[in-house]
Structure formats: structure tokens, C-alpha cells
Amino acid sequence: MSTLWWQTKGEGKDDLVLLHGWGLNAEVWHCICEELGSHFRLHLVDLPGYGRSQNFGALTLEEMATQVLAQAPEQAIWLGWSLGGLVASRIALSHPQRVKGLVTVASSPCFAANDEWPGIKPEVLANFQQQLSEDFQRTVERFLALQTLGTETARQDARRLKAVVLEQPMPSVEVLNGGLEILKTEDLREPLSHLDVPFLRLYGHLDGLVPRKIAGLLDERWSQSEAVIFPKAAHAPFISHPQEFCRVIEEFCRVDKPQASSTL
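In full-length UniProt numbering, the protein residues as written are 1 to 264.
Don't read these hints as lab results, they were simulated from the structure. A few of these clues could be false.
Straight-line alpha carbon distances no greater than 27 Å define the calculated DSSO-like cross-link-like pairs of lysine-lysine that follow [claimed, not checked]: (1) 121 - 9; (2) 9 - 213; (3) 213 - 121; (4) 184 - 121; (5) 184 - 213; (6) 213 - 232; (7) 232 - 162; (8) 9 - 100; (9) 162 - 100; (10) 100 - 13; (11) 162 - 184.
FRET-style restraints, in silico, Cβ to Cβ [claimed, not checked]: (12) 153 - 250: 35 to 45 Å; (13) 13 - 96: 33 to 43 Å; (14) 154 - 247: 17 to 27 Å; (15) 217 - 123: 15 to 25 Å.
Quick caveat: nothing in here was measured; it's all calculated off a predicted structure. We treat Cβ as the ideally placed atom computed from N, Cα and C, and that holds for glycine.
Model the full assembly from the supplied sequences, consistent with the hints where possible.
The following block contains the structure:
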């Protein structure tokens, strides 16, 4: 059986598992590891098929969650960004006893737009899938550029994301297509409304992939969770605003009581 690339570091007593987004790898967390590592025992993971976790094909969300959970500590706080937020959410739903807290970052329980639900238009995701087979690297770069669009440090942040991708082995087209398929089809809105673990949702006000309107819609559906919106951030608030991001995580992990939605 293939195993995931997994690194543990940090000085805290609480375990914090960090799950990256589509197309990337665990190096994306580099800018916040020093700060969070002084408060938590960090677990950095390359998701199946991404970065150094090779020898995996395209997996379903359930299969991805199972692979990650198999190497995880017995109990942890789970933090997932974008696609990683869906993986962390699936783990919290299937094994709540293993989850001390759930943090989703620029993530949506349903990434695809439909009816009254804001998100990425299904044809845009389908387009990315088609383009992957035609111009693999350019398609990934375009998707990364979308994640920082609108922020004051957009170009710098996009270069940083691109460097993270290029430093490690690239995922296969099959794995990337599988990830896009998850983004296109998964819908956890109803299951997560019954989640009974401390739950924090983080958003970027300028995010073009997970519109901020989602935060308000989920405040109504998920009264047991707390939401924070970073006013000048896009899809990667931990890169554009690392200090504010770490402060919010540290405060949430000290206080389990859900609070009202807020904007920093």
C-alpha cells in the first residue's frame, strides 16, 4: 500500500493537521509553520497523488479522507484549505471522535455554483479539466493566479504558489482531473449542518473562487459554526495575511464556544 508524505514538527501539545488545496503540496504552509509550530504539533501532509505522495491515481473524496486518516494522530485539530477543506470536512463527518476541531480555509461545502448557490460555474471547472490535457502547466498556473487575484500582493503571492508547485513532483493529469471532479460534484451542505465539533470557517473578502456571500448563507444553515472574513485577502489568506491568519487560528483553538460571523 502506498503511503503519504507526512512531516511532523512544532512544540505544542495539540496536534494540528494541515491539508493543502488542489494542484499544490504541503510546502504551501511554509510561511505560517514557524508561528503555528510554537503553539501546535504540526502535521504537514501531501495529499494522495500530490507533491511527494506519488503512486496514487485519482481518488474520490471518501478515498482521499481514508488515506489521510490512516496516518493521522488519534485526535487532532484539522485545518483544510480549499480542496483540503473538503477532505478535512469529510473526516470530521465520518470520524468526529478523531476531530478536536475543524477549520476550513477558503473552502465551500459545494464549490460548484447552482440555482441560488454561489460558486464556480460548472462549465469553468469542466473547461479546466479539458485544458489540463492540452496544456498541463499553463492550466495549473492560471488556476493559481486566480487564487490571489485582487489582493495588494497578488503577483508576489502567485509567484510563491507557483514556486511551491514547481519545487516538488507535479501531480499527474489523472490526479488533477480527479481533484476537479471532487470540486465539481461534492455537496456537503446538509451533512455538515449536523456536525457536532468546534467548527471555524475562514474566507477572503476578495476570493473569486469561494464568494464571500457563502459565509452568510452558511451562517444561517450552520449556527453551530463560526466564520471570519479577511477583508483584503483572496483565496489564500494565510499567504497574504499570515500574522492575522495565525492569530485567528490560535484564538479559535483556545476557545471552543462558537461565535457570530465576523470580519477582521
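Structure-based check of each hint:
Simply put, residue 121 and residue 9 have alpha-carbon atoms about 38 Å apart, too far for the 27 Å limit, and the pair is violated. Annotation: proposed proximity of residue 9 to residue 213 is violated, straight-line Cα distance about 36 Å (limit 27 Å). Only pairs whose Cα atoms come within 27 Å are accepted, and residue 213 paired with residue 121 is accepted, the gap being roughly 15 Å. In summary, the hint linking residue 184 to residue 121 is supported, as the alpha carbons are separated by about 9 Å, within the 27 Å threshold.
As the CA atoms of residue 184 and residue 213 are separated by approximately 19 Å, the hinted pair is consistent with the 27 Å bound. Between residue 213 and residue 232 the CA atoms are separated by roughly 15 Å; this keeps the pair inside 27 Å, and the hint holds. Taken as a hint, the residue 232 and residue 162 pair is honoured in the structure, with Cα atoms around 21 Å apart against an allowance of 27 Å. With a CA separation close to 19 Å, the supplied pair residue 9 and residue 100 stays within the 27 Å bound.
Pair hint residue 162 plus residue 100 does not hold up; C-alpha atoms about 32 Å apart against a cutoff of 27 Å. Proposed proximity of residue 100 and residue 13 is supported: the alpha carbons are some 13 Å apart, at most 27 Å. A C-alpha spacing of about 23 Å is found between residue 162 and residue 184, which places the hinted pair at or below 27 Å, so the restraint holds. At about 23 Å, the CB distance of residue 153 to residue 250 disagrees with the hint of 35 to 45 Å.
The given range of 33 to 43 Å is broken by residue 13 and residue 96, whose C-beta atoms sit roughly 21 Å from each other. Taking 17 to 27 Å as the suggested C-beta distance range, the pair residue 154 and residue 247 conforms, at roughly 23 Å. Checked against the given bound of 15 to 25 Å, the beta carbons of residue 217 and residue 123, roughly 22 Å apart, stay inside it.
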